[in-house]
Structure formats: C-alpha cells, structure tokens
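A.B. asks: Work the whole structure out from these sequences, hints included.
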Amino acid sequence: MAAALRDALRGEALVLCLALLNSRTPEVPAIAAASGYDAVYVDLEHTATSLETAQMLCATAAGAGIAGLVRVPSHDPSVIARVLDGGAVGIIVPHVNSKEEAEAVVQAARFPPIGHRSISGPNAVSGYQPRAADELVELLERRTVVAVMVETPAAVEASDAIAAVEGVDMILVGPSDLTAEMGIHRQYENAHFHRAVESVAAACRDHGVALGIAGIKSLDLLNRFVGLGLRFVSAGTDVGMMTEAATARARALRGLEGPQREPS
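Residue numbering for the sequence shown follows the working numbering, beginning at 4 and increasing consecutively.
Note that these hints are calculated values from the structure, not bench results. Here a beta-carbon is modelled for each residue, glycine too, at the ideal position from N, C-alpha and C. Any given hint could turn out to be false.
Said to hold, decoys possible - Below are the EDC-like pairs computed for lysine to aspartate or glutamate, each with C-alpha atoms no more than 16 Å apart in a straight line:
id	residue 1	residue 2
1	Lys-220	Glu-192
2	Lys-102	Glu-169
3	Lys-220	Asp-241
Stated by the list, open to error - Listed next, with one range per pair, are the computed distances between beta-carbon atoms:
id	residue 1	residue 2	range
4	Glu-138	Val-229	36 to 44 Å
5	Asp-163	Arg-227	20 to 28 Å
6	His-195	Ser-121	36 to 44 Å
7	Ser-121	Arg-227	40 to 48 Å
8	Ala-16	Arg-189	22 to 30 Å
9	Arg-134	Glu-192	25 to 33 Å
10	Gln-132	Ala-253	41 to 49 Å
11	Ala-33	Arg-198	37 to 45 Å
12	Gly-232	Gly-39	17 to 25 Å
13	Glu-247	Glu-30	38 to 46 Å
14	Ala-16	His-49	26 to 34 Å
15	Ser-53	Ser-202	35 to 43 Å
C.D. replies: Next comes the structure, spelled out in structure tokens:
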C-alpha cells in the first residue's frame, strides 16, 4: 500500500487510515498495519509533533508496508516540501476553501510541469535507491498523494472547482469543523450536513477525485457515504482508540469487584 496508495484511491476498496496524534514511537505504524489499516497520517496541525518525528513515522510505515501521510499545519509551501522530501507518501492540507488555494497546494507538492516542487533526493517513498534524476522525479510524482480538506460552507460551495484542479487526488471532508461552521456542530445526522457531503461527493465523481472523510463513527452513515463514492476513511485517532479501549476494559474489570465479602 505504501507504493500504491494513489492507485488504491482510484479503486473500489476502502482505504482505512489511523490518525497519529500522540504516538511518536516507530512501532506504532507497524501495529496499525498488523491491525488491518492501509495508512497512517501524522497530525502536525493539532499537535507538537516535529518534522523529524513525522519523517521517522512515515519511514516505519513504509517498512511495515502501509502508507505514511502527514497532515500539515498550514498551506506553507516550505512545510509541504519538507514533509514530502522527508518521505511522506502524501500530504493532507487543512482548510482549503477555494480553487486558488488548491492550486497553490499543488504548486508546492508536485514537480514541474504541474507544480514547482524542488527536486531533492531519494527518500522512503523511493526506497532510498539511487536513481537518475528524471527517473526519481517520475517515481515520486506517480506515488505522491495530494489531499485537501473541505471544512467550511465556502469550501463545499467551491468543491467542484477544487476537484477540477489538476494534481489533486482526494478531497477529505472534515465533519467537526464543517458542522461547527454550519452552526450544527457534530450533528452528523443533520440533513444539511448530508447535503454538503453529497455536493462534495458529486464534485469528486465528476472529476475523478477520491472522496475521503474523517471523524465519523456511525457505520450506517459511513455506509451511506460509501454509496456516494467514499474511498478513504480516517477511522479514528490513536488517543481516541486507546481511551475507548482502556475505558471499556476498566469498566469491565470494575464490575468484578461486586459487594464486599465478610472475612471468614
């Protein structure tokens, strides 16, 4: 999957991703792979994780046979370039609200003639193998995934224009921020939210771009979105999954205590 994520996003099967907020050790991507995930993404938007740590996690993801993506904190082209040069198979860029912003992301992430990404050298995505410059660029360009996030009503309105930008592989809907901006925070069964996702999905279908979503737990709702063409699911965060599992286990064990017995 590390080498084939871009192709997988154009296929029929769901791509499952685990978001890494607090995990900063090299074993975690391997655990995600063993658990059935196709990818991890390292979140630099909402954490203090360093670029060096993100590079390490992406390299170990590649070693485990899954894709390592990074959600960058902003549209800063220098950060996008460093993340990709560091070995991320792709970037997730938050708060992309217009065609122009999507074009700027592509300019930073893709090599000429589509973009203006500077040519560096081998990394985890290319397997560190020595290659001629033109061969290396062709390989990295073929494997690099560019994902932009739709998180506002303005972005939903512009989703057709965003999806039409050459070099964009996926539009990822951010439900929490989107519903907050719509005044219906986390009301994921609200018809207004459903219509927004349907609008983005239609834009993705029309332009051959993958539809992704994060933060939705309801299998029924996810199944509905699969019917719209959903291909990428950010299934949860390391913190959220650990908290849920640890809480459920603690509650189950507390149930063993029962009433106190009198000593015999």
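A.B. asks: Against this structure, judge whether each hint is valid.
C.D. replies: Hints, one by one, checked against the model:
1. Lys-220 / Glu-192: 12 Å, holds
2. Lys-102 / Glu-169: 11 Å, holds
3. Lys-220 / Asp-241: With Cα atoms ~14 Å apart, Lys-220 and Asp-241 stay inside 16 Å; holds.
4. Glu-138 / Val-229: 36 to 44 Å: Because 37 Å falls inside the window, the suggested range holds.
5. Asp-163 / Arg-227: 20 to 28 Å: 21 Å, holds
6. His-195 / Ser-121: 36 to 44 Å: At 42 Å between Cβs, range holds.
7. Ser-121 / Arg-227: 40 to 48 Å: Given a distance of about 42 Å, which is inside 40 to 48 Å, the answer is holds.
8. Ala-16 / Arg-189: 22 to 30 Å: Check passed, 28 Å falls within 22 to 30 Å.
9. Arg-134 / Glu-192: 25 to 33 Å: 50 Å, violated
10. Gln-132 / Ala-253: 41 to 49 Å: 48 Å, holds
11. Ala-33 / Arg-198: 37 to 45 Å: About 40 Å separates the Cβ atoms of Ala-33 and Arg-198, which means 37 to 45 Å holds.
12. Gly-232 / Gly-39: 17 to 25 Å: 22 Å, holds
13. Glu-247 / Glu-30: 38 to 46 Å: 20 Å, violated
14. Ala-16 / His-49: 26 to 34 Å: The hint (26 to 34 Å, Cβ to Cβ) holds, given that Ala-16 and His-49 are roughly 28 Å apart.
15. Ser-53 / Ser-202: 35 to 43 Å: 37 Å, holds
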